[in-house]
Amino acid sequence: MRPLDILSGLSNQKILVKLKNGMEVRGELKAFDMHINLVLYDAEIDEGDVTRKFKKMFLRGDMVIFIS
Amino acid sequence: MRPLDILSGLSNQKILVKLKNGMEVRGELKAFDMHINLVLYDAEIDEGDVTRKFKKMFLRGDMVIFIS
Amino acid sequence: MRPLDILSGLSNQKILVKLKNGMEVRGELKAFDMHINLVLYDAEIDEGDVTRKFKKMFLRGDMVIFIS
Amino acid sequence: MRPLDILSGLSNQKILVKLKNGMEVRGELKAFDMHINLVLYDAEIDEGDVTRKFKKMFLRGDMVIFIS
Amino acid sequence: MRPLDILSGLSNQKILVKLKNGMEVRGELKAFDMHINLVLYDAEIDEGDVTRKFKKMFLRGDMVIFIS
Amino acid sequence: MRPLDILSGLSNQKILVKLKNGMEVRGELKAFDMHINLVLYDAEIDEGDVTRKFKKMFLRGDMVIFIS
Amino acid sequence: MRPLDILSGLSNQKILVKLKNGMEVRGELKAFDMHINLVLYDAEIDEGDVTRKFKKMFLRGDMVIFIS
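Chains as they are written, first to last, in my numbering: chain A, 133 to 200; chain B, 133 to 200; chain C, 133 to 200; chain D, 133 to 200; chain E, 133 to 200; chain F, 133 to 200; chain G, 133 to 200.
These are calculated hints, taken from the structure and not from any lab test. Careful, some of the hints might be misleading.
As the list claims (entries may be wrong) - The calculated EDC-like cross-link candidates involving lysine to aspartate or glutamate, where the alpha carbons are at most 16 Å apart (straight line), are:
(1) Lys152/A x Asp137/B
(2) Lys146/A x Asp174/A
(3) Lys152/E x Asp137/G
(4) Lys152/C x Asp194/A
(5) Lys187/E x Asp174/E
(6) Lys146/C x Asp181/C
(7) Lys152/E x Asp174/G
(8) Lys152/E x Asp194/C
(9) Lys152/F x Glu156/D
(10) Lys162/A x Asp178/A
(11) Lys188/G x Glu179/E
(12) Lys185/C x Asp165/C
(13) Lys152/F x Asp194/D
(14) Lys185/F x Asp174/F
(15) Lys162/B x Asp137/D
(16) Lys162/F x Asp174/G
(17) Lys152/F x Asp194/G
(18) Lys185/G x Asp174/G
(19) Lys152/E x Glu179/E
(20) Lys152/A x Asp174/C
(21) Lys162/A x Asp137/B
(22) Lys152/D x Glu156/B
(23) Lys188/C x Asp137/A
(24) Lys152/B x Asp137/A
(25) Lys162/C x Asp137/A
(26) Lys188/F x Asp174/G
(27) Lys162/E x Asp137/C
(28) Lys152/B x Asp137/D
Claimed, not checked - Taking CB as the label site, the calculated pair distances span:
(29) Glu176/B x Leu136/F: 29 to 39 Å
(30) Gly141/B x Arg134/E: 46 to 56 Å
(31) Met133/F x Arg184/B: 39 to 49 Å
(32) Lys187/A x Asp194/B: 21 to 31 Å
(33) Asp194/G x Leu142/D: 25 to 35 Å
(34) Gly141/B x Glu176/E: 49 to 59 Å
Don't be surprised by glycine CBs; every beta carbon is placed ideally from N, CA and C.
Please take these sequences and the hints and turn them into a complete structure.
This is the structure:
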């Protein structure tokens, strides 16, 4: 198994993405590439007390720390 | 679907771009490339109380965290 | 022996990964590639008093300081 | 249209360049390449109360956030 | 002589590695590659008053400042 | 004209180089390459009250913000 | 003349290397490559009041600001 294979297995599932600026994004994984660029549907980001919601989100791979 | 395909679907639509320095830019997506370099029309950036407006803006892809 | 060979020897074993943001992740090594992207099973991260647990985790290689 | 095409359209015009260190440079765009390296004529940088002026300036592309 | 040749000469010897986050690691050099990825045996890191020990350590090359 | 052409025109002339760490270096431009690596003769750097002088200096291109 | 040629001229001479973390290293230049990786003999680093000495040092090129 190669690391990117785990991402295939997470397709259409709800994932958690931890970003290098400390932010955490939750959403349904719809697409990824070898740069770890991601597309999430129904993404949510907690910013202090507020949860911001985004119907579709493109996330740049070089910001990712981990995906679970 | 590959991640960049979502950007094609956002062409000529109003998008939100979150940058690595914390800035958020809103504008109409007119062009992008595989480096996630973007061209926005009628772009707006909130800087404290002021909203700066730019008719045409080239945004360097390596500054992007997410696009929605 | 090349450096990546040591990672082969650690497959299916419990490893410690130190990340550039200071975080330490423990888990069972299930996959890696030449970018040092990792897949860990049953991963644990200490955040202050809390230990967060993740069944499967994809970890981006450019965040890694060391693996042991 | 590709993103770099907008820079062609800005040739010989006065542009604003926002840099990653927070600096803003204004000047006439005389040349650019695919790394977003720029040449500006009659460039001006605000540093606190002072405006520094440069007849010709080479600006490294990896410092650019946006160009307008 | 090319710079990497000095690392060949240090194989199986005890080396000191200074990392970009200020950490210093000591250990026996068992492997390296052109990215300066290293494998150390019996590695030691001073963290404040404590010395942490690691039987085998993979160290990512892009964290290295110097090796001696 | 491409951006690097302006550097050819500055050969053997006194230039100012602004670096990413805030330092400014002045000196006579003797050589450059496509990475913007520079060689300066009779280079001067202001460090607080002191001006340090260097007969010959190799400057790494990835530290450059602008050259004028 | 290309920038790396100046490094050839400095071979076996005592050089000063300024690093991105503010450190300055002095030593005899024994080898370099196109990544500006360096090998220094009898290297010295000032750390506060103490001067640390290293018989042989491999220095990673991406940490270099300038060499003189």
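Hints and how they fare:
1. Lys152/A x Asp137/B: Not satisfied, since the Cα-Cα distance of roughly 24 Å exceeds 16 Å.
2. Lys146/A x Asp174/A: holds (9 Å)
3. Lys152/E x Asp137/G: violated (28 Å)
4. Lys152/C x Asp194/A: holds (14 Å)
5. Lys187/E x Asp174/E: The given pair, whose Cα atoms are some 4 Å apart, holds under the 16 Å limit.
6. Lys146/C x Asp181/C: With Cα atoms ~22 Å apart, Lys146/C and Asp181/C exceed 16 Å; violated.
7. Lys152/E x Asp174/G: Violated: Lys152/E and Asp174/G sit about 22 Å apart, past 16 Å.
8. Lys152/E x Asp194/C: holds (14 Å)
9. Lys152/F x Glu156/D: holds (14 Å)
10. Lys162/A x Asp178/A: Roughly 21 Å separates the two Cα atoms, so the pair is violated.
11. Lys188/G x Glu179/E: violated (25 Å)
12. Lys185/C x Asp165/C: violated (23 Å)
13. Lys152/F x Asp194/D: holds (11 Å)
14. Lys185/F x Asp174/F: holds (7 Å)
15. Lys162/B x Asp137/D: This hinted pair holds, its Cα atoms lying about 11 Å apart.
16. Lys162/F x Asp174/G: Since the Cα atoms of Lys162/F and Asp174/G sit roughly 29 Å apart, the hinted pair is violated (cutoff 16 Å).
17. Lys152/F x Asp194/G: Holds, because 14 Å separates the two Cα atoms, which is no more than 16 Å.
18. Lys185/G x Asp174/G: holds (7 Å)
19. Lys152/E x Glu179/E: holds (15 Å)
20. Lys152/A x Asp174/C: violated (22 Å)
21. Lys162/A x Asp137/B: holds (11 Å)
22. Lys152/D x Glu156/B: holds (14 Å)
23. Lys188/C x Asp137/A: Roughly 12 Å between the alpha carbons, so the hint for Lys188/C and Asp137/A holds.
24. Lys152/B x Asp137/A: Violated, at roughly 28 Å.
25. Lys162/C x Asp137/A: holds (11 Å)
26. Lys188/F x Asp174/G: violated (21 Å)
27. Lys162/E x Asp137/C: holds (11 Å)
28. Lys152/B x Asp137/D: violated (24 Å)
29. Glu176/B x Leu136/F: 29 to 39 Å: holds (34 Å)
30. Gly141/B x Arg134/E: 46 to 56 Å: Holds, at about 49 Å.
31. Met133/F x Arg184/B: 39 to 49 Å: violated (30 Å)
32. Lys187/A x Asp194/B: 21 to 31 Å: Holds: the Cβ-Cβ distance is about 25 Å, inside 21 to 31 Å.
33. Asp194/G x Leu142/D: 25 to 35 Å: holds (32 Å)
34. Gly141/B x Glu176/E: 49 to 59 Å: 53 Å Cβ-Cβ, so the 49 to 59 Å window holds.
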